[in-house]
Amino acid sequence: MNTEIKNKEISRKQQFKNWLNKKLILFSTRFLLEKQEPILNNEKERSFNSLSPVSDVIQHKQYCDALNWALQNRKKEDIKNIALTGTYGSGKSSILKTLQETNEDNSLHFLNISLASFKDEPYLNEEGEQIKLLDNAKIAARKDQLRLIELSILQQIFYHEEQKNIPDSRFKKVRSFTNQNLKKASFLVLLFIGCVVYLLYLPKIQDSIGIDYLKSYRWVNIIFKVLSLLTIIFLSYYLVKRLIQFFQKFTVNKLNFNSLEIEVSEKVDKSILNHHIDEILYFFEASDYNVVIVEDLDRFKQTEIFTKLREVNLLINNSKPINKHVVFIYAVRDEMFQGSERTKFFDFIVPVIPVINYSNSKEKLLSSLKAHNYEVHLPLINEIAFFIDDMRLLYNIANEFAIYKQKLQSSKHNQQKLLALIVYKNLHPSDFVDLLNQEGVLYQILHISKAVLLVPKTEALELKVSSLEKEIDKLKQIRITDEIELRKKYVLEILISSPDNKSANYIRMNNQNYRPKVLIEDSEMFELLTKQNYQGYDNRNGQFSFNLRFSDLEQKIHPGYTYRGYMSQINKINIGKISNLKNEIDTLKEQLNKVHRLPIKDLIVDKKIDKANAKQSNLIYSLVSLGFIAEDYLDYISYFYEGDLSRADFAFIMDNRNNKRNDFDFVLDNVQSVFNKMSVIHFERSSCLNFQLIDYVVGNLLLDEKSYKILAQFNNEEAIYRSFVFDFIDRNIKVTQFISRVFSDSKKLWKNILIHEPIESVRLIKLVEIMVSSLSVDSINELEDNDSLIDFINKNPLVLNKIDKNRKDDLFFILDIKVENLSEVPFESELFENLESFQNYEMNIENIRSVLKNHDVYDEKLFLNSNYTAIIESGIDSLIDYVEVEISDYVRKVFCQIKENNQESTDSLMKLLNNVSLDVNWKENVLVKSDNKIVRAQDFDFYNEMRNFLMTNTGLEPNWNNVIYDYSFNENTITEKLLVFLNNKKNAIALSQNSNGLNGKENLNFRETFILNDHIDNLLYEMYLNVFPQAWDGLNIQGLSIPKIELLIKNKRYDFSEPNYIRIENYYPKLLPLYLGVYLKEFNKYLIEKKIDESIMADILKSLSLTAEEKISLIEIYDKNHSISSVKLLEQVLSVFLRENSLNLRNETKFEILDLENLKREHRIKLITSINKNLLDSEYLRKELIKMGGDYEKLTEYGPMPSFTNTLSNQLFFDLLLENDMVSKVIPKGNKIKVTTFK
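The sequence shown begins at 1 in the UniProt record's numbering and counts up one residue at a time.
In case anyone wonders, no lab produced these hints; they're calculated from the structure. Check the hints yourself; a few may be wrong.
Think about it this way: if two alpha-carbon atoms lie no more than 27 angstroms apart in a straight line, the pair counts; the simulated DSS-like pairs of lysine-lysine are [unchecked claim]: (1) K899 x K853; (2) K802 x K861; (3) K660 x K407; (4) K1166 x K1225; (5) K364 x K344; (6) K747 x K589; (7) K143 x K164; (8) K464 x K594; (9) K660 x K677; (10) K308 x K370; (11) K464 x K853; (12) K1166 x K1183; (13) K802 x K660.
Please work from the sequences and hints to get the whole structure.
This is the structure in structure tokens:
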């Protein structure tokens, strides 16, 4: 029992404790809420702005002072109508509110009248089309509006005052009865009925029920009857009074103040104010109002209403029952009255300076928006400030911005876009509503006009695409893609164009025959062909002519193309023009897609917008062109409800639309919905990069435009794309699918990565490992700058280690992997074996060294001195085959790069040179580098192609076998190329020292041709004569230059014979002295039998090449066997005679010489003294003295005794005269000889 009591007590205590806790919690909660409520209220007060007029004593002081003065002096100055003028939104209502709140004059009672705007609604027909009213209809509509305004004024006047204060007014208001009033009225009615029944029907009622209750109370009954009668009288009086008042109505059929409606009788067609002027006068008589404030009346632009109000004011102030001065204050716009109308109409005018306008609204708007945590964006504020010139509008914009912002409940919305839409909504509300209904001016700009604006931007691109596609079609029609084939077609057409179906073997131009092969293979010769008319020529049937022009051929072979035009198309094809054109078309189409996806802000260029006024056009242009109003406007004027999209998903979409990037690993709740919700244009922005979104694309193998766009972004060079790729790899989810897809769709991605990523980067190597293991070979080939990927693999061969064998084979064969350094790959590894066997390594010195080392056949000395020989002798078939196939690369990268490599064996050298794949230029380099030369030209398969080089660069060993081979190779002709070889001094020295292969009858023709070749250098020619022992007889040397004839003569290679002599005499007479000097003995014998021309003999004697003895011998032989009569020869004989005393001449020859004219005196004396004395007589001597002249001639006279120089010749001559008795004495005296004649 005690235990139960204790438990009950504990239970009661616990219940009390719980009750106390609840009360404490409730109290603390209420306390906190009460403390926080003022704060929240203050915050709300600060967040929103009232649109009502604001009382501001400080700001409005000057205006209130002016108004107060006018009101206080209204009677004195007779001021009845006051105007408060200013622009719309200038603060007139706030001034009037301040005036009333600060009024301290108890005599002033204010009545406020403010009218709403009544706009004329358009008249519509049955189809809803607007009807234009005629002038009479417009006048009627304007009168109806005026009556409505007057009615509204009348309504506001009477509605402002309580009914009890104007009891006699005919306008009755609908009254709202309280329960007390209803009880009171019911009691009075029942009381009236009771009193009537009591007076009239109570006795009958008592009789009917048989009971007389009041019989016992007679006085009471009398008292009740009196009271009932009085009550009936009083209530009847009250009822009659009310009925009289109720039936006082004239033209107003019904006033319903409860619904704010007054029906006007159809008969009323005059002014409402005039019609009810007595009611208005009564109102001011019955009430205390003496200041009437009229606002917003100017919005109707009806000056007539002001006139009527002025009349009303005048009637009120002139009414005697109204014993007060009533003032009307009008808040009107400045432009309502023009010129002097204002001063005539109003008795006092107070101008108001606008609180804000377009020039200062910026700061006020900023301050209002900052209260709502607006992220200040000055470009937008600067734009919209020009359109805001009303404070109420400004406050409403800030209020609506705050409400929309809070309602959207997302920080992801772009505040600038939201604000722009709020501004447009406030400035053009009807068009904003139309925007929601997918119509209106702004909707047309954002949707319909965009297609029109795209036309000029897409038209040029579409035309370009069409043009390029036509060009591709033209190129595809080109069947011949090789210049040689095209020439062949033209040449063949010429050959078969001959008359009578004859086929020509040659083509004749400019009187010269050309082989078809030459014309086809030689571009210069074919160029000549394009400028000529042709003749066919058959070497069996002779020449036949036909008229054929090249222009005719062009039209026949390829109508519509000239040869050069067709050739131009071939060149375009050969340089990949079709591929380039396709790439250009793809680029243009991509540009077209970008243009089609351009936002409206990038398209709108004209401020003038159809169906919009100038101000609206400017606003739309400003907001749209700067991107503040865009295609995503619905996100800012509609509420988001969670469904398929979570708030995180929605936030991601909004960030993307605003081009705001999130982290790559931003978590999406429903990736598919996000993907479907986003439009194509949003997949072109880097802000859409998200791991999950990419997973969705690559994991589902999506091939739609959105997927293409998001992956095609990776073609861009921005670092974010490269970062995404590497981060995705590090994430290690769906890496293979991603790499395979992204590099397939983004051809430029690899190039961009390689440009910016260090080549030794570990993550780059990892990327390439994934690429080569996941990308198809075609995808790799399609990458822009895919060569750089192959280069990377070549530099980092170990990235191939993780690839399975089948894929590795494809990569090796198709991509043509060429590893740069095999030494980086372990010897004897599977990768090394694969690279070697498939020849997937670069041809270079180190790689060949590595292959030789891998097979343990490396010899350093042999490798360096005879590299090709080392390879051939290694026995490594794959290496030998690789070198033979890539022989040009081998020579360029290996053979010519080893400085010491100049000792190739003869067999290896010839094998290398005879490789058909080795370009001629590299063959030349091989020969230049090699110390060994081509010993046997006939063993060189490319001798013809390399003749020029071999002859000019000593690639051919200088021996007569090679020279004669070239001579025979060119149809027994020493060509210019062979002359170059022969005129090389080193070659000449070698050839002049060894005659092997030169002698023999079979080479006689060559030797003769060689001797008669005048183009061999003269110095070298003499050297070559050393190995030509034969002395030629009968060789026709005509045409050889004099120096070579001299060499032949000097070296006795031109034998003396009559034919040879005659040739030299005829063609080289100046060389006769040399020739005869060399063959003097033979010539002396010849002179005994043959007489040569004396002039030639004179030239021979004149030659300096003959010695004196040789000349004496020739003269004596000639003088002995032949007479001499030529002056020229006689002079030459005399010349020798005078120099050489040993010359023996016949006396006849001497007499011939003495007959020469102009013979010098001393020469004549010497000749006379050498003649046989027996042949001279005094007469002959006398004649000779006369010829001598001077003192010698005086010796023929008698008497003179002249003196002469004492010389041996004179002594002998004077002795001869003395012997012939021609002088008497000859007396030598010193250096003189005195001769005495006969007296």
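Going down the list of hints, with the structure as the test:
1. For the suggested pair K899 and K853, the alpha carbons sit about 21 angstroms apart, so the restraint of at most 27 angstroms is met.
2. Under the criterion of a C-alpha separation no larger than 27 angstroms, the hint pairing K802 with K861 is inconsistent with the structure, at around 38 angstroms.
3. Straight-line distance between C-alpha atoms of K660 and K407 comes to about 22 angstroms, which keeps the hinted pair within the 27 angstroms bound.
4. Taken as a hint, the K1166 and K1225 pair is honoured in the structure, with Cα atoms around 21 angstroms apart against an allowance of 27 angstroms.
5. For the proposed pair K364 and K344, the alpha carbon gap of about 37 angstroms is over 27 angstroms, so the pair is violated.
6. The hinted pair formed by K747 and K589 meets the criterion: a straight-line CA distance of about 16 angstroms does not exceed 27 angstroms.
7. Between K143 and K164 the alpha-carbon distance is near 34 angstroms, which puts this suggested pair outside the 27 angstroms criterion.
8. Note on K464 and K594: the hinted pairing holds, with a Cα-Cα distance of about 16 angstroms set against a maximum of 27 angstroms.
9. Note on K660 and K677: the hinted pairing holds, with a Cα-Cα distance of about 17 angstroms set against a maximum of 27 angstroms.
10. Distance restraint check for K308 and K370: the Cα-Cα separation of roughly 47 angstroms exceeds the 27 angstroms cut-off, and the hinted pair is therefore not satisfied.
11. For the hint pairing K464 with K853, the CA-to-CA distance comes to about 59 angstroms; that exceeds 27 angstroms, so the pair is violated.
12. Taking the CA atoms of K1166 and K1183, the gap is near 16 angstroms; set against the 27 angstroms cutoff, the hint holds.
13. For a cut-off of 27 angstroms, the pair hint linking K802 to K660 is broken: about 40 angstroms separates their Cα positions.
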